[in-house]
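Visitor: Chain residues, written in single-letter form:
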Amino acid sequence: MTELVSLKGIVKHFPGVLANDNVDFTLRRGEIHALLGENGAGKTTLMNILYGLYRPDSGEIYIEGRRVEISSPRDAIKLGVGMVHQNFKLIPSHTILENIILGLKEVGFIINYKKISEEIRKLAESYGWRINPNAYVWQLTAGEKQQVELLKLLYRDARILILDEPTSVLTPQECRILFQALKRMAREGKGIIFITHKLDEVFAISDRVTVMRKGRVVITKETSKTDMSELAQYMVGRPVLFSIQKERTQPSGEAIIIKNLKAFNDKGVLALKGVDLVVKKNEIVGVIGVTGNGQQELVEVIAGLRKAAEGSILIDGINIANSSPDRIIELGVAYIPPEPLKYSIAPNLTIVDNLFMKAYRYKPYSNGILINWKKIYKKADELIKNFQIISPSLSTKAKSLSGGNLQRLILARELSGLIGDKIPKLIVAAYPTKGLDIGATEFVHKTLIEYSRKGSGILFISEDIEEALMISDRVAVMHDGRIVGIFKPGEVDMEKIGLMMAGVQVVPAI
Amino acid sequence: MAKTSRIPYNIKIQKRLYYSRKLSILTTFSAIIIAFGVAGLFFTIIGLNPLEVYSYIGGVFASPTLLLESFKRAIPIGLAALGLSIAFKMNFWNIGAEGQMYMGMLASTGIVLLHVYYGLIPDYLVLSLMILAAFLTGGLWCCLPAFLKAKMKVNEILTTLMMNYVAMYLVDFLIYGPWRDPKGYGFPLSVPFPEYSKLTVMFGEFAYGGLLLLCLTAVIVFIILRYTKLGFELKIVGENIEIARYAGINLSKVVTVGGFIAGGIAGIGGLTIVSGIIGRLRPRASPGYGYTAIIVVLLSALNPWLIIPVSIFFGGLFVAGDILQATLRIPGAAVEMYQALIFLFIVIGEFMKRYKITITRGVVE
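Protein chains in written order, with our numbering: chain A, 44 to 553; chain B, 30 to 394.
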């Protein structure tokens with residue numbers, strides 16, 4: 044029996060959505076099976092069913108040929124099914140070892156820390172990971188936390204591993220380590236399901252690939268027998284353009300001048316150590332680098348959400364360092380923050396509320412005391428159309444929108460000139476396409492390019508190097524709180540970019 | 030032959046993605062009814078017939094005189110609840126309506142004393158000045174914890190609760206001391222308020238004038254929340270502070286102003302006690318209306334219109350408490366216990382509403 048898992052005719056309804064529509068799926072022993080699809084295609088739902096988080100409305104689950112009912116993750120683990128979620132489920136204040144044995148009955152009442160610690164160390168080493176089982180989880184990087192999640196499953200003898208978009212939090216380096224370990228696990232005979240929406244990862248790691256769209260399986264194929272553009276078409280149901288024709292406009296005048304900017308992070312450590320950067324009007328400047336090298340602090344200081352310790356940020360000759368956020372908004376700075384649901388969308392408020400979260404206090408939408416809802420609704424209707432936001436009504440709560448629609452909503456709010464009826468002077472976009480599917484990513488790219496043509500200066504923070512090279516006029520590399528190099532796409536090869544990301548100065552940083 | 034093993038029962042608590050309005054109303058009513066049931070059990074244990082107790086409580090709402098009395102009690106409760114609805118909207122957990130009411134009583138009595146003892150204020154201005162003073166003092170009493178929260182992240186639940194005692198004992202001090210009526214045979218009472226300083230000047234009956242005041246305030250609160258810049262800001266601050274900062278909202282200003290209005294309305298609620306129900310200031314003039322208001326506002330889901338009928342219901346419970354005490358010799362605390370039970374079951378209902386509980390049993394063949 045080579046089939047570890049076989050799902051037959053799985054159907055799952057949620058209120059108003061058919062998340063899985065008669066899905067068949069198989070996982071073989073020793074294979075890495077990529078489960079590919081846009082956001083909302085039903086990949087995660089299907090895997091949550093296999094992991095016992097959801098019960099299917101109908102359909103059958105076979106594990107190693109036996110028909111099973113899985114009604115909780117506990118059942119799943121007993122059957123050898125383990126899942127690593129996108130958001131790690133670890134307790135930061137506990138050690139790695141404590142996290143791994145948490146909930147394990149087999150360890151008994153008195154815990155033999157020494158023995159278990161040795162076992163965990165050996166297990167980790169067999170996959171090329173070097174970890175200290177007695178380190179606390181809060182001390183770990185995202186990549187290490189993921190290793191702990193995997194160890195947790197391996198320590199429980201899981202034979203079927205489900206990884207939900209495991210690379211979304213990793214650096215390229217950490218990705219390589221993960222991929223090596225996964226391949227090794229597959230060689231040992233485990234089956235691995237790798238959920239992703241990134242095409243290149245499918246080819247980097249998988250043996251077979253299943254594409255899902257709108258709750259259905261479109262196709263399952265040997266990875267070697269397909270190519271990127273074919274898969275992309277299966278994913279979105281139409282051909283996709285991978286490169287964007289970008290007409291370059293001549294940059295003119297500075298949109299923002301950042302000089303020797305220093306700022307602390309939340310832990311009180313200097314995170315910006317003297318950033319110098321200029322973005323001109325009509326220009327897109329991409330900022331790349333490993334996450335956590337000061338990108339987040341940089342955008343927050345510009346938006347007025349974080350104090351600058353030293354240095355200046357000039358917009359039209361006015362220093363906005365340490366100005367209040369509303370003053371910076373009034374000066375024409377649009378800010379698209381990372382993680383919309385945490386920093387810029389109020390999920391329980393309506394679409395209108397979210398659209399006018401900044402503009403409500405300015406004319407003509409308010410006279411200083413009262414709000415003119417009539418004008419707001421009229422304008423909102425227009426924005427919904429222009430930015431192609433798909434929603435049942437303006438009073439729908441934002442939380443019921445998909446990721447792509449949320450990002451469109453943010454773009455509409457930030458870019459459409461609600462405040463002062465002008466396009467923004469500067470657009471600060473932090474990871475605006477993170478987690479979006481191909482269609483929505485394309486829309487974000489097009490919109491940013493369109494605004495750069497209209498005259499906005501754009502500071503574009505990205506963790507996707509290819510993306511940054513594709514849409515930027517200039518690319519700056521950030522490392523350890525400084526810009527270590529700035530160049531035009533095409534001037535520098537990938538290897539040098541990699542060196543810069545590691546902090547080596549290759550090209551001038553001005 | 031396949032091995033069959035049974036996996037034990039699983040109780041699974043799943044967060045509901047959506048819950049309907051119908052479910053919301055259903056849980057609220059169930060909370061009230063279950064609370065009645067549990068209270069009935071208690072009455073049975075202490076040797077009373079619960080049906081008899083219920084009939085007394087129901088009787089309050091059937092008799093015109095008692096209903097009028099319930100209206101009176103509903104007025105301070107409703108005003109405090111309206112104030113709270115503003116505070117709760119911005120996630121400012123104001124437990125201090127009671128103290129803010131006491132400050133309202135104190136301020137309005139102060140105005141009366143200035144008038145009576147020193148003749149500083151003309152007759153026709155007294156009531157308007159009392160309302161103004163009650164609003165400002167109640168507002169300041171709530172403004173302080175709001176400001177501390179906005180500027181220094183001081184937990185408002187503690188500060189507002191503690192300030193209740195400060196206000197209550199301040200009133201005690203004044204009324205046992207300098208404000209005691211010299212002609213009052215030593216009782217801890219202020220001078221009786223002159224007629225033109227009482228809310229009975231409207232319609233000759235406090236209940237009518239008071240209800241009008243309550244309804245007007247509800248309209249104002251509705252307009253603030255729905256149609257003003259401040260209302261929109263309160264909503265966003267209540268939803269998520271990070272997002273409010275991102276949107277360029279001046280947090281300290283919104284929280285302080287919102288707190289001021291919330292406390293001010295509760296202060297006017299305090300005024301209605303001394304100038305409407307009692308007609309003078311005495312210690313412990315509020316039997317906990319400010320705490321009842323918390324239950325009222327949660328039962329009404331912050332809706333200013335619902336606050337009015339719900340306050341009348343709780344006003345009626347206070348009246349029923351007095352009657353039960355007089356007729357069946359049940360301690361007045363019984364009614365407070367009933368209120369607490371409703372609160373408890375609302376909190377439980379809130380949980381049941383958000384989560385779905387299923388019991389399943391897994392089988393492995």
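In case anyone wonders, no lab produced these hints; they're calculated from the structure. Only a predicted model underlies this, so the values are computations on that prediction, with no experimental measurement involved. For every residue, glycine included, the Cβ atom is placed at its ideal position computed from N, Cα and C. Worth double-checking, as some hints may not be accurate.
Claimed, not checked - Examples of chain B residues lying across from chain A (beta carbon under 7 Å, computed):
| id | residue |
| --- | --- |
| 1 | Asn184 |
| 2 | Asp210 |
| 3 | Glu365 |
Said to hold, decoys possible - Below are the DSSO-like pairs computed for lysine-lysine, each with C-alpha atoms no more than 30 Å apart in a straight line:
| id | chain 1 | residue 1 | chain 2 | residue 2 |
| --- | --- | --- | --- | --- |
| 4 | B | Lys182 | A | Lys442 |
| 5 | B | Lys264 | B | Lys182 |
| 6 | B | Lys212 | A | Lys442 |
Visitor: Now, for every hint given, state plainly whether the structure supports it.
Guide: Structure-based check of all given hints:
1. Asn184: Cβ of asparagine 184 of chain B sits 21 Å from chain A, so the hint is violated.
2. Asp210: violated (44 Å)
3. Glu365: violated (34 Å)
4. B:Lys182 / A:Lys442: Between lysine 182 of chain B and lysine 442 of chain A the Cα gap is close to 28 Å, so the pair holds against 30 Å.
5. B:Lys264 / B:Lys182: holds (19 Å)
6. B:Lys212 / A:Lys442: violated (65 Å)
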